[in-house]
Amino acid sequence: QVQLVESGGGLVQAGGSLRLSCAASGRTFRSYTMGWFRQAPGKDREFIATISGNGVDTTYAGSVKNRFTISRDNAKNTLYLQMNSLKFEDTAVYYCAAGVRGPMAAYWGQGTQVTVSS
Numbered sequence: 003q004v005q006l007v008e009s010g011g012g013l014v015q016a017g018g019s020l021r022l023s024c025a026a027s028g029r030t031f032r033s034y035t036m037g038w039f040r041q042a043p044g045k046d047r048e049f050i051a052t053i054s055g056n057g058v059d060t061t062y063a064g065s066v067k068n069r070f071t072i073s074r075d076n077a078k079n080t081l082y083l084q085m086n087s088l089k090f091e092d093t094a095v096y097y098c099a100a101g102v103r104g105p106m107a108a109y110w111g112q113g114t115q116v117t118v119s120s
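Here my numbering runs 2 ahead of the position in the sequence shown, where the first position is 1.
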């Protein structure tokens, strides 16, 4: 069982930056492929980025590539998402996930709101 708690969301102006964190419980954090997803009002949840258990391999959605960076600190059981050059369309609830396979995951956090003002 893995529990995930996101933090770091908030209100930011377009062009600004935010860093999201996801604290994970349990001693098996390093064994999970982790990911970030988001869901905007009226839209389906969409994949943002994933990172392998050892942090070597990453994947990104085209809409955030070169603006967002996913990383993890296995010693701290924490996943991060650095978001730069934020756009209005990045406004969404952002979710951390563990055990990611495609659009699915074994565990989900409760989400953190990111609002980008234009």
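It is worth saying that the hints were derived from the structure and are not from the lab. Hints are supplied without guarantee of correctness; some may be wrong.
Unchecked claim - Calculated cross-link-like contacts (lysine-lysine; reagent style DSSO-like; alpha-carbon spacing at most 27 Å):
| # | residue 1 | residue 2 |
| --- | --- | --- |
| 1 | K45 | K89 |
| 2 | K78 | K45 |
| 3 | K78 | K67 |
| 4 | K89 | K67 |
We went through each hint and held it up to the structure:
Using a Cα cut-off of 27 Å, the hinted pair K45 and K89 holds, with the two alpha carbons roughly 17 Å apart. The suggested pairing of K78 with K45 is violated, with an alpha-carbon distance near 33 Å, which exceeds 27 Å. Under the criterion of a C-alpha separation no larger than 27 Å, the hint pairing K78 with K67 is consistent with the structure, at around 25 Å. Only pairs whose Cα atoms come within 27 Å are accepted, and K89 paired with K67 is accepted, the gap being roughly 13 Å.
Against the hints set out earlier in the document, a violation occurs for number 2 only.
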